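S.K.: One-letter residues, chain by chain:
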Amino acid sequence: MTILSFDKQALLTALRGILPADAVLCETEDLRPYECDGLSAYRELPMIVCLPHTIEQVQAILRVCYKMQVPVVARGAGTGLSGGALPLENGVLLSLAKFMSILEIDTANRIARVQPGVRNLAISQAVAPHGLYYAPDPSSQIACTIGGNVAENSGGVHCLKYGLTVHNVLGLRVLAMDGELLEIGGATLDSPGYDLLALMTGSEGLLGVIVEVTVKLLPKPERAQVVLAAFDDVVKAGAAVGDIISAGIIPGGLEMMDNPAIRAAEAFVHAGYPVDAAAILLCELDGTNEEVSEQILRVRELLQAAGATQVRTARDEAERLKFWAGRKAAFPAIGRLSPDYYCMDGTIPRKRLPEVLKRIAELSAEYQLPVANVFHAGDGNLHPLILYDANKPGELERTEEFGGKILELCIAVGGTITGEHGVGVEKIGQMCVQFAPQELAQFHAVKHAFDPQGLLNPGKAVPTLHRCAEFGAMHVHKGTLPFPELERF
Amino acid sequence: MDTNTDISSVLQEKVLDAIAQHIPVQIVGRNTKAFYGRTPLAVPGILPSTALAHPCVVGEHLSVAGHCGVISYEPTELVITARAGSSLSGIEALLATQGQMLPFEPPYFGAHAEDTLGGTIACGFSGPRRPYAGSARDVVLGMKVLTGKGEILRFGGQVMKNVAGFDVSRLMVGALGTLGILLEISLKVLPKAMLEKTQVFSCGAQEAIRRMNAWAGQSLPLSAAMFVDGQLHMRLSGSHAGLAEACKKLGGEVLAHEDMLWASVRDHKHAFFHGDTPLWRVSVPSAAPLIDIPGSWLIEWGGAQRWLKTAMTSEAVRERVVAAKGHTTLFRGDDPQGKIFHPLSPALMALHQRLKAEFDPHGIINRGRMYADW
Chain A
47 MTILSFDKQA LLTALRGILP ADAVLCETED LRPYECDGLS AYRELPMIVC LPHTIEQVQA
107 ILRVCYKMQV PVVARGAGTG LSGGALPLEN GVLLSLAKFM SILEIDTANR IARVQPGVRN
167 LAISQAVAPH GLYYAPDPSS QIACTIGGNV AENSGGVHCL KYGLTVHNVL GLRVLAMDGE
227 LLEIGGATLD SPGYDLLALM TGSEGLLGVI VEVTVKLLPK PERAQVVLAA FDDVVKAGAA
287 VGDIISAGII PGGLEMMDNP AIRAAEAFVH AGYPVDAAAI LLCELDGTNE EVSEQILRVR
347 ELLQAAGATQ VRTARDEAER LKFWAGRKAA FPAIGRLSPD YYCMDGTIPR KRLPEVLKRI
407 AELSAEYQLP VANVFHAGDG NLHPLILYDA NKPGELERTE EFGGKILELC IAVGGTITGE
467 HGVGVEKIGQ MCVQFAPQEL AQFHAVKHAF DPQGLLNPGK AVPTLHRCAE FGAMHVHKGT
527 LPFPELERF
Chain B
-10 MDTNTDISSV LQEKVLDAIA QHIPVQIVGR NTKAFYGRTP LAVPGILPST ALAHPCVVGE
50 HLSVAGHCGV ISYEPTELVI TARAGSSLSG IEALLATQGQ MLPFEPPYFG AHAEDTLGGT
110 IACGFSGPRR PYAGSARDVV LGMKVLTGKG EILRFGGQVM KNVAGFDVSR LMVGALGTLG
170 ILLEISLKVL PKAMLEKTQV FSCGAQEAIR RMNAWAGQSL PLSAAMFVDG QLHMRLSGSH
230 AGLAEACKKL GGEVLAHEDM LWASVRDHKH AFFHGDTPLW RVSVPSAAPL IDIPGSWLIE
290 WGGAQRWLKT AMTSEAVRER VVAAKGHTTL FRGDDPQGKI FHPLSPALMA LHQRLKAEFD
350 PHGIINRGRM YADW
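Protein chains in written order, with the working numbering: chain A, 47 to 535; chain B, -10 to 363.
Mixed in with the good hints there might be a few duds.
[As the list claims (entries may be wrong)] Some but not every residue of chain B turned toward chain A, in silico, with C-beta under 7 Å:
#: 1; residue: Pro180
#: 2; residue: Gly231
#: 3; residue: Asp265
[Unchecked claim] Now the stretches of chain B that chain A is said to cover, found in silico as 3 or more residues with beta-carbon under 8 Å:
#: 4; stretch: 248 to 260
#: 5; stretch: 315 to 329
Hints were generated in silico from the structure; no laboratory data involved. Everything numeric in this text was worked out from a predicted model, so none of it was measured. By construction, the Cβ of each residue, glycine as well, lies at the ideal position given by its N, Cα and C atoms.
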């Protein structure tokens, strides 16, 4: 039992004074569904769960917690993959799940004002009758919420051309830990003062609680078409991506899968993938009809010249969707092959792909854990999926160590430990490798400006220097960094 | 092209000196944007030890122009990294050799295009392509900065997707150097379009706003939209076949020498920008109806950025723009010691001050350039 610095009973009484009885949960069976997010390897029962449905209620909850010094973890749909919404045993879990309304669709200005618990896909569905959509499309878009998307700066398969969440959000209403309401941005393309919108996006719930989001909507492209290319060598597939971009073409989506990922996806959704290929590329071109027609021809030529063993253009919309279904179902497909899988999320400069894949394969043999690779090739975001069995003693620990090595490899080649899933609790150790102590101290300083008492999602995203010292003692052997043979940037 | 010179340790020493001696510094590149932002009154001489407490002391120039050169450029990775003092025109010329560009179409306010990359990013300036290809802030991937604590720190990186740590690099864009001295900047670049064409239409301002927004809601290869003097100009970028079809849909007359028009609007060389009347930048939701303020207007960014020349008082201009859900910047003219940037709510102002204190606890860099009190 942890010793609480506050009176739990007094806290419950205060929260029950703010919320209806069924919106304050504290019985173990009621708390169970909130014990983890999409990264289920980490679990913790929260002390109390609050389910407010108005901004005033959230404000009142925060004021109580602020006064009583109770830590708060905000949560959307709980689909995050880095443990960002992992509860605290001595804290309040603040669920924004009841904030499900689309408040305004402004077609003239092409914006939508929505509550944080609205699902990503629900926005695009609601505005589809106007020929508009919301561009970022993380694979979890059926379930994940826009509030969580902003907190994590979520991506998807169309980031190279259409950007991440940070490029597609115009305004936020945010509650600070003391309950103060901050209006950041709005319906304009920019706002006066510092770019707090950029700072809030991807801040993993450490700076404020998002209670409203204004998103930018884009016109649906007149046409989208997909080309599937198979390669007998991943290096050739990687080079083909460079060739397409060198030719001045920015595809709407550009995805790569390696052989284990292809086989898993094909067995699961029968997308029509060539199962003997070492790698496939999916290249989606979108825009006006004429533009797409021209680019399809050009891309086919480029892929053939790059040594593709097969180049297929989707014959119709049904086949296009089938090609994508395989990619979008890649994670669950791999989940069928193994009791558990662990999804990594590094970004690397694309030209370093061959050596990174080679090193991952070596590590896979060393740790005796199979890996499938799914790659947002256009923007360099690599998702190696490590297959393991949590019921086998020691296998999770080995998987995590292997995963940590992959992240450190990404840093060593000039990339980053997380492209779109966030740091959360999962990659907090590797933050010590990616950033110098003074940089981490500056992140803490930024947090201090928003949340001086450190009550919002403490222990996530930015490690303490003390923690780094411990991590360093484990991982840096005799002063040498991992992968000394690799050139650093 | 600039010579490749790294003077970051010299700059760091100067900042540490400034901290030790309580003498604030003013960051200067090629001094092409001195007109922008507040110009706090300089008091001759230094007031020892009490200098920082004196609101009027702005301190000595700290020149970053010598910190220049492209550090890396990878056309197939779509990323360039350069030192802040690098010339913007040099960078654009280098990108052009690979058929690439800076997507945000930055303006040149210097008389001979001597503008630096650092100044452009610190001001957060973007040109006509901004609503369609993103802003200066949108393309920033990472930065190396020298804070007011005298520390050299790196944030972000050289890859498109990176969510490790708070997005401090983008926070620096438009912060006018008040949070730190920009040393190195990594930017996403894009291929240039094969072809650009501009169609012209005669219509009134209100009709122009309506059309710009209606077209922006359709799948069209738009890359700029501007209205001035009864003429709406729509620029399209793409391939031959794509543009031919799009122009047919839009109608209008073809404009010859279209690149000259867009450069003149971008750089404020267009006749509209001549004269001494105070110039306001008005940022509103793109479809906002015309705002009733006497003066002349140039409407661009598809309606989202509007330039206003008016003799009306600041208070009156701001009141009417706020009613249209917008905000304002006094871009040129009027009182350089006054409220140049839009007033912030008390809660936001307090947060700005706390952030400033976390990056520049001694209050030594670009004091008073953005808001009077810090």
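S.K.: Any hints from earlier that this structure breaks? Give me their numbers in increasing order, please.
M.R.: 3, 4
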